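**Student:** Quick note, the sequences are listed as chains A and B, same order. In terms of full-length UniProt numbering, the first sequence has 368 at position 368, counting the first letter as 1, and numbering is strictly consecutive. In terms of full-length UniProt numbering, the second sequence has 298 at position 298, counting the first letter as 1, and numbering is strictly consecutive.
Please note that a few of the clues may not be correct.
Which copy? The list can't say, so a pair holds if one copy fits it or any two copies do.
What the hints assert, rightly or not - SDA-like, lysine to any residue: derived pairs with alpha carbons at most 25 angstroms apart:
#, residue 1, residue 2
1, Lys142, Ala52
2, Lys484, Ala21
3, Lys115, Gln163
4, Lys115, Val170
5, Lys142, Arg62
6, Lys115, Thr4
7, Lys484, Thr4
8, Lys484, Ala36
FYI, nobody ran anything at the bench for these hints, they're computed from the structure. Model, not experiment: these values are computed from the prediction.
Protein chains: 2
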Amino acid sequence: MVATIPLTVALPLVAVPPSLADNTADLDRLKATLAAALPSELAGRPLRVPFACITTVAAAFRAAGFHGWAVVHCLPGQLELIDFLPEEPKLLPGLALDLGSTHLEASLIDLLTGKVLARNTALNQQVEYGADILTRIHCAAKEEGLRQLQQAAVDSINGLIAQFCQEAAVLPEEIRTLTAAGNTTMAHLLLGLSPYYLCREPYIPLVNAPDPFLATEIGLRLHPQAMTWLLPSRGSYFGGDLISGILAVGLDQAEQPAMLIDVGTNAEVVLGGKDWLIACAGAAGPALEGGVARMGMRAAPSAIEQVSIDRVSWRLTWRSIADAPPLGICGSGLIDLAAELYLARIIDLRGKFQAEFVGQSEAQRQFVQERLVQCGNETTFLLVEGVSVSQTDLDAMMRSKAAMYAILETLCAQVGIAFSELEQIHVAGAFGEHINPRQAITLGMLPDLPLTVFNPVGNTSLAGAEQLLLDHTLWERAQDICRKITYLELNVNQEFMIRFSGSRFIPHTDPSLFPSVPVFR
Amino acid sequence: MVATIPLTVALPLVAVPPSLADNTADLDRLKATLAAALPSELAGRPLRVPFACITTVAAAFRAAGFHGWAVVHCLPGQLELIDFLPEEPKLLPGLALDLGSTHLEASLIDLLTGKVLARNTALNQQVEYGADILTRIHCAAKEEGLRQLQQAAVDSINGLIAQFCQEAAVLPEEIRTLTAAGNTTMAHLLLGLSPYYLCREPYIPLVNAPDPFLATEIGLRLHPQAMTWLLPSRGSYFGGDLISGILAVGLDQAEQPAMLIDVGTNAEVVLGGKDWLIACAGAAGPALEGGVARMGMRAAPSAIEQVSIDRVSWRLTWRSIADAPPLGICGSGLIDLAAELYLARIIDLRGKFQAEFVGQSEAQRQFVQERLVQCGNETTFLLVEGVSVSQTDLDAMMRSKAAMYAILETLCAQVGIAFSELEQIHVAGAFGEHINPRQAITLGMLPDLPLTVFNPVGNTSLAGAEQLLLDHTLWERAQDICRKITYLELNVNQEFMIRFSGSRFIPHTDPSLFPSVPVFR
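Next up, chain A with everything else stripped away, as it sits in the complex (with noise of 0.2 angstroms):
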């Protein structure tokens, strides 16, 4: 059983039938024995019935003998009565979904036990209209484009529905209610809304915090009167799946200060607790996410995710996702990789090859000469057959981790808090699922503490939407951290472009800032 009362809710009623004495209508008769049966939390919220639902509902209200269970939206500031059903419910399903600018991430969910009942990613069909967002902006400005690429997004879900559907055996209609996040264009885009001016100085969505609405308005396949939930913006550059984010973690409600980290195309940062919140995005990413690198590709099967060097024998030892044949190297393995090959000088503090090799025994030479290859005008590192890193990829993820660094510093240094103050480091995504925290230490990637403080949490942006579909009152608090937070622009930040200079060493220029990291000079 679910301890908090979800968005939608079957609640159990038995009203006395109507005689001569007592003539109240069917529907008011449903809504006043409703009204006084209400667990305490929803009591006294004023209750309406939708229209559409008028009819449906009176006759199975009547039908069922004027006992049963009623369904309930509980919206902001009202409930909704949208259904009777004659029998107390088996499931409840709600739909949560992270809206990924390339992937879909969706589960279905009882809303009566909480239970998962399906799980599963799609793509996003908008990426035949552009793969970066930016594209998609564009293209929504052309005729009929806005409407494509709300279509390709809804087919998305609606497939997603479909495969769901057959899954936990459950009818579309059963689903009650959808949670939604996405950034800020990706919310846009589903909405129908045009993005404009979210590309455009000062950069102003047209909506951040949309209220609750109908699933069918924008042609999802789900009960009629299904709402869906969208998770609200903070603005151009801060959408509703970091805020979904900071929900799942709780970093709203954390005494002591904590950081949740997300790395997608950008890295979005949130610092703070339950007295403040701050928060920042910058360019750390694309080196990291796979966008950059010339061998570079997404945290997914056939993706080298780490990789070791044993500078005692010189054997390198590499693993991919699900074990599959190596296509190419994510963000994590790019990390595992630079670190090693720093710890066995074969990159200097600069990231760059070394141009005269410092190693000594006969193992290594034969190591080095084996695996570092020109291809054209550039030194090249041969992971695997048909997998290297060339020094362009490695000099990308420099300039990421730096990024990644410098956001960090400049966040804490902005509310005056050290590195050695959090409690805890939330790293989200695929990036937090898959990375070595200690390689990203060695790198100056991430700060110098233990490695306990960092806590790999998976897709915030889902797990907020799934925790909202469980507990109605995190609406209101996902409105309240959009009210709370403040948004650090690193654009015009110069002391963030003074950190990231600094940052663009391994680990750092001052490597007293990571004690725990050899240094060569």
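Chain A is fixed; fit chain B onto it per the hints.
**Tutor:** This is chain B only, laid out in the frame that chain A set:
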């Protein structure tokens, strides 16, 4: 200017334009600015923007330079922002509707000033499917019947809307809100709800108090976000038209007990004041509304509405509505005639044509000889060429007048109030407009009170709907009236039957109740 806050308002606001330092989303900016600019009566209410309006409202706000007039519905417990205007509106039209079973009567009202822009009546096209309520209830049970009846009502209303728009030079989309009052069956048919149980014991409506809904949901041609506010019913036999009437005359706020009488197919009577209300309905109407008398007709042009007999010259004079050639007699005409016949001793205290004439003068004898003719088996009084009143007609009228007086007596007796304690008796509708209370007292239909007590109030169903348009607080007041009112069932009331028998004489079995009326034994 309207002093109260109408159901829909246009509120001026000036927002701070967006900038890099203030990058709130357009719609959130609009909502926040509006929330801060609300009149104190509306302050603090949750404010939502319906999904369908997001794009148009945000675009209009931006195009207007972030200042202008927000068009807002004052819904129960929340506000809904549905439009944004760059300039102060010159008109904000709303529609008030009395949905009668035979005729609709409506007014187009400017919510800014309270001015009536147009007012008219139209036939309820449902009459094609049956003249009376019961036929329509049966028709609604047939396949497609309910849909056809709903469509007929909607078509009738759309016809009036088109007419008003032409007359007042407004577009249907400029009409933002609609209030409607009708009896319980009419309300069900307009909403497309089955009236099946309305006429079957224990006479349970499907709904008494529907929440406001979009006018477009039933196919009305108004602004796409125009709301329909249907005045609540108390039960199967006490509809929103009466609740509207109570609002209109302010019966629920009266310091001293007062009464509202509305005669349609039934006579519906409400007694009470600010602390309590009691109501009942009975079949006192048909003879008075023109439904029973052979020559009877509705109070409309060509109906004889007034009759007098000069008892010196023995001249009969009459007046028809609109001075049109007489085609029949309406309720007030019949009452006038019966009272005059009684005073002329042409009918006796049982309402029967005198078997043996008791008059004395030659003129009187001649008058009777010319006017009283045998038609088949019955004595008939010739009023004017082509219009006569038979004993059967008089009998029906006598039953109606007896029922009316018995209803009034029973109601007062129920709460222990004497007629003399009533401050006012509001008489609604055509009946109130045309009736001569002096003559009704002579017949013993209305209590023998000073004539100033009787107050003709016109179409109170329409008047209440008009008042609701201009004062959104009346919605809650109407719901309160429904909760507060006690309905007295007459069908099973033994007292009523006794009183009815006592009232079947002119003026009454107990003439001491009517000191102003001469008694001829």
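**Student:** Hint by hint, say whether it matches the structure.
**Tutor:** How the hints compare with the structure:
| no. | hint | verdict |
| --- | --- | --- |
| 1 | Lys142 <-> Ala52 | between (35 angstroms within a copy, 21 angstroms between copies) |
| 2 | Lys484 <-> Ala21 | between (54 angstroms within a copy, 16 angstroms between copies) |
| 3 | Lys115 <-> Gln163 | within (18 angstroms within a copy, 58 angstroms between copies) |
| 4 | Lys115 <-> Val170 | within (14 angstroms within a copy, 56 angstroms between copies) |
| 5 | Lys142 <-> Arg62 | between (52 angstroms within a copy, 20 angstroms between copies) |
| 6 | Lys115 <-> Thr4 | within (14 angstroms within a copy, 51 angstroms between copies) |
| 7 | Lys484 <-> Thr4 | within (24 angstroms within a copy, 36 angstroms between copies) |
| 8 | Lys484 <-> Ala36 | between (36 angstroms within a copy, 18 angstroms between copies) |
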